[in-house]
Amino acid sequence: MKLDSTILSKIDINQESLGNLHAMISALHELQIKIIAPLLERPPILPLLWQAGVDFLQGNCLDRPSPSMDFEFIESITVSFR
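Residue numbers (our numbering): 494 to 575.
Keep in mind that the hints were calculated from the coordinates and are not lab data.
Mixed in with the good hints there might be a few duds.
[Said to hold, decoys possible] Quick list of the computed label-pair ranges, beta carbon to beta carbon:
hint, residue 1, residue 2, range
1, Asp548, Thr499, 17 to 23 Å
2, Ser573, Phe549, 15 to 21 Å
3, Glu509, Asp563, 39 to 45 Å
4, Leu524, Leu550, 18 to 24 Å
5, Gly512, Asp563, 39 to 45 Å
We put the beta carbon where it would ideally sit given N, CA and C, even for glycine.
Put together the whole structure using the sequences plus the hints.
Next up, the structure:
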């Protein structure tokens, strides 16, 4: 399921929004539904999404759209946020 990007817009400044996101993702995971967080523009929310249990991330903060399909698929990568 792809989340509505408006749900994600305030999770880094509003604890209630973040709590609601955690609860929604938990309920969807109980139904075996994978979660996609789309339209991500701000890297600081990535750790919050990871902790909330989002399965997939999508957006320009990860990589800009390209006219060609020349993606490099990596099996494993370590990312640290400072």
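Hints numbered earlier in the text: which of these fail when held up against the supplied structure? Going through the list in order, the structure violates no hint and respects every one.
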